[in-house]
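Sequence lines, in order, name chains A and B.
In terms of the numbering used here, the first sequence is residues 354 to 714.
In terms of the numbering used here, the second sequence is residues 354 to 714.
Be aware that a few hints might be false.
No copy is singled out in the list; a pair is fine if it fits within one copy or between any two copies.
[Said to hold, decoys possible] Keeping only pairs whose Cα atoms sit at most 30 Å apart, straight-line, the calculated DSSO-like set for lysine-lysine is:
{"hint": "1", "residue 1": "LYS703", "residue 2": "LYS586"}
{"hint": "2", "residue 1": "LYS564", "residue 2": "LYS666"}
{"hint": "3", "residue 1": "LYS703", "residue 2": "LYS368"}
FYI, nobody ran anything at the bench for these hints, they're computed from the structure.
2 protein chains.
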Amino acid sequence: MGLVMINEKYQVRMKVNGEHYLTVWMEGQTVCLIDQNALPFNFSVYRSKTYMETCHAIRSMIVRGAGAIGAAAGYAMAQAFMEAPDDIDFIQKARLTIENTRPTAQNLFYAVQRVYEAGQTSTQNALTEAGEIARENIDDGRKIGEYGNELIPEKARLETHCNAGWLAFVDYGSALSPIYIAKEKGKDIFVYVDETRPRAQGARLTAWELKNEKIPHAIIPDNAGAHLMQQGKIDMIIVGADRIAANGDVANKIGTLEKAIAAKTFGIPFYVAAPVSTIDLDCPDGASITIEERSEEEVHYQTGLSDKGEIHKVMVSNPGSPAFNPAFDVTPASYVSAIITNRGIIKPEKEAIKSLMNMVT
Amino acid sequence: MGLVMINEKYQVRMKVNGEHYLTVWMEGQTVCLIDQNALPFNFSVYRSKTYMETCHAIRSMIVRGAGAIGAAAGYAMAQAFMEAPDDIDFIQKARLTIENTRPTAQNLFYAVQRVYEAGQTSTQNALTEAGEIARENIDDGRKIGEYGNELIPEKARLETHCNAGWLAFVDYGSALSPIYIAKEKGKDIFVYVDETRPRAQGARLTAWELKNEKIPHAIIPDNAGAHLMQQGKIDMIIVGADRIAANGDVANKIGTLEKAIAAKTFGIPFYVAAPVSTIDLDCPDGASITIEERSEEEVHYQTGLSDKGEIHKVMVSNPGSPAFNPAFDVTPASYVSAIITNRGIIKPEKEAIKSLMNMVT
Numbered sequence: 354m355g356l357v358m359i360n361e362k363y364q365v366r367m368k369v370n371g372e373h374y375l376t377v378w379m380e381g382q383t384v385c386l387i388d389q390n391a392l393p394f395n396f397s398v399y400r401s402k403t404y405m406e407t408c409h410a411i412r413s414m415i416v417r418g419a420g421a422i423g424a425a426a427g428y429a430m431a432q433a434f435m436e437a438p439d440d441i442d443f444i445q446k447a448r449l450t451i452e453n454t455r456p457t458a459q460n461l462f463y464a465v466q467r468v469y470e471a472g473q474t475s476t477q478n479a480l481t482e483a484g485e486i487a488r489e490n491i492d493d494g495r496k497i498g499e500y501g502n503e504l505i506p507e508k509a510r511l512e513t514h515c516n517a518g519w520l521a522f523v524d525y526g527s528a529l530s531p532i533y534i535a536k537e538k539g540k541d542i543f544v545y546v547d548e549t550r551p552r553a554q555g556a557r558l559t560a561w562e563l564k565n566e567k568i569p570h571a572i573i574p575d576n577a578g579a580h581l582m583q584q585g586k587i588d589m590i591i592v593g594a595d596r597i598a599a600n601g602d603v604a605n606k607i608g609t610l611e612k613a614i615a616a617k618t619f620g621i622p623f624y625v626a627a628p629v630s631t632i633d634l635d636c637p638d639g640a641s642i643t644i645e646e647r648s649e650e651e652v653h654y655q656t657g658l659s660d661k662g663e664i665h666k667v668m669v670s671n672p673g674s675p676a677f678n679p680a681f682d683v684t685p686a687s688y689v690s691a692i693i694t695n696r697g698i699i700k701p702e703k704e705a706i707k708s709l710m711n712m713v714t
Numbered sequence: 354m355g356l357v358m359i360n361e362k363y364q365v366r367m368k369v370n371g372e373h374y375l376t377v378w379m380e381g382q383t384v385c386l387i388d389q390n391a392l393p394f395n396f397s398v399y400r401s402k403t404y405m406e407t408c409h410a411i412r413s414m415i416v417r418g419a420g421a422i423g424a425a426a427g428y429a430m431a432q433a434f435m436e437a438p439d440d441i442d443f444i445q446k447a448r449l450t451i452e453n454t455r456p457t458a459q460n461l462f463y464a465v466q467r468v469y470e471a472g473q474t475s476t477q478n479a480l481t482e483a484g485e486i487a488r489e490n491i492d493d494g495r496k497i498g499e500y501g502n503e504l505i506p507e508k509a510r511l512e513t514h515c516n517a518g519w520l521a522f523v524d525y526g527s528a529l530s531p532i533y534i535a536k537e538k539g540k541d542i543f544v545y546v547d548e549t550r551p552r553a554q555g556a557r558l559t560a561w562e563l564k565n566e567k568i569p570h571a572i573i574p575d576n577a578g579a580h581l582m583q584q585g586k587i588d589m590i591i592v593g594a595d596r597i598a599a600n601g602d603v604a605n606k607i608g609t610l611e612k613a614i615a616a617k618t619f620g621i622p623f624y625v626a627a628p629v630s631t632i633d634l635d636c637p638d639g640a641s642i643t644i645e646e647r648s649e650e651e652v653h654y655q656t657g658l659s660d661k662g663e664i665h666k667v668m669v670s671n672p673g674s675p676a677f678n679p680a681f682d683v684t685p686a687s688y689v690s691a692i693i694t695n696r697g698i699i700k701p702e703k704e705a706i707k708s709l710m711n712m713v714t
């Protein structure tokens, strides 16, 4: 099984039912993805044989999360080279199709660019580069965890939004990685998990990850954050990022901005954890970031498990009322206490970001 | 039908399927309530023959919303007098039971107190007083609407949280009443409706009300508020209140605080609409308000309509993860631009509140 090979090579940390897993990996020409739409009720692996199928997986959020999207997009680009190594038009079209699946995700563009360039010399190089992106993603997650752990005091009560755990990457994650390392170091911590409507990645994925890792936590409605902060129940907030602009503005899951504003009001540190690949120096500020608007169906419908063990998709709001569903928001740099990266912790400032990007590692 | 009598007497505004309705009314010894747990998928009336059944209706949120809870509690107290007019112990126990159904709702205590006192002279007086509370509630709603309408500019884009519409009162409502009057006056307005997890009173009840009244609106995830404010898409916010302290601090549905903080950050007026009966002069400030914590089931489960037209209750979050569910939060007076009451619009300040309470009307 390809998985085992990857494990031996990459020293995988995360376990599901006692077995080590990555979020995304490749077996031959097939991209394998943990199906995140099936979680938390079913654990299954989606296998896509073509770049188009992988695009479908990204678009339909079978794979989601900045880092995992990046890795999947890299593999999709490699798949395109494998499908038609000599057809420049096909490759070009594939590149555009992959890039258009999720327009806010910086890691997607970064990965596609790298694999596309590597593929100019040979298909094997494209494939190697895609694997390298996944491997770096794992390393980056581990390093973010080690740096971020330094910020977590003993008995810390943290809040996190959406899912920036290992499911959002290839392993470890960004926002949750410091929490995993803190747990590894024996710290006694508690995590408040924002539900993160409409897709509830917090309640469904982050809670699933934390329960797997036996980390004490509670799911809270997105509405409860400011109240808990006001009551002195939150010591720090850590979130991930989908894109970080050159000036330190952060695009992340819708609702991040509300938490950041509330945190500033109550004097609570607000950290953004992300690998350097999330930083886009070509993007001067948050206002330049395209915010993806997703279907109103995501607001109107919820999929869940009945008491009989059946999965039902049900309408949970007034039939016939329109809904509006922006998927991300932009948190101005002034609300971010620090950015935790795989190269260290920096202030969300232009010069610090530039220096970080120029670091030789 | 008792309903028609009430209509003739009280000049009811709201219509469902072409017929006028109140949220709560009495027919003989039976309290009739629009079943708000069945909405928006089914419109039905719950009939409770005893005060205990009415308590169940309040506790299980068949009736909810500050004003409607008050009216239902008043009727429940009157029912207790009708059930055992000469049994002082029974009446005392009933009073405590009713008061313990929803500890954050000021109108509940206010109504129970009034009906209890009226009942000291005769059961008929208790019943008359309960009817009077409902009638005042309707008048108050209309007046809040007329005052509040003055604050709504032509082409205003409003945001509201939870449901403070006619379903939350006996007719008209608090936060939605100014919107109904603005619409009546021919103003072109648009309402962003916060979903309001975990019970989704916005997506289920406010959206249902606005659609009935043909007012343009869109449901948004609770996470989207600050983003829309940042984008300049919200001109004003109006919410209701469950209790207003003597210093102007406001207890309202969980999530209100986040919107208030975001509104202040982006310089958007944040109005609280409530009848004077919501003000509790005995409560010095928000810190003194008991915040009800509700079951974690409300976070874990959602009830909705399948494509086959069946109602299913499904688990929507990770099985086995704990959840935390505070039902209200407290918005400090400093975040409230003004309080819209049935006696006029005031600043959320101690002296202004005191003067308002002492007004002879």
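Here is how each hint holds up against the structure:
1. Within a single copy, LYS703 and LYS586 get their C-alpha atoms only as close as 32 Å, which misses the 30 Å cut-off; across copies the closest is 29 Å, which meets it.
2. Taking the closest pair of Cα atoms, LYS564 and LYS666 come within 30 Å of each other both inside a single copy (24 Å) and across two copies (23 Å).
3. Taking the closest pair of Cα atoms, LYS703 and LYS368 never come within 30 Å of each other, the shortest separation being 38 Å inside a single copy and 57 Å across copies.
Checked against the numbered hints given earlier, this structure breaks only hint 3.
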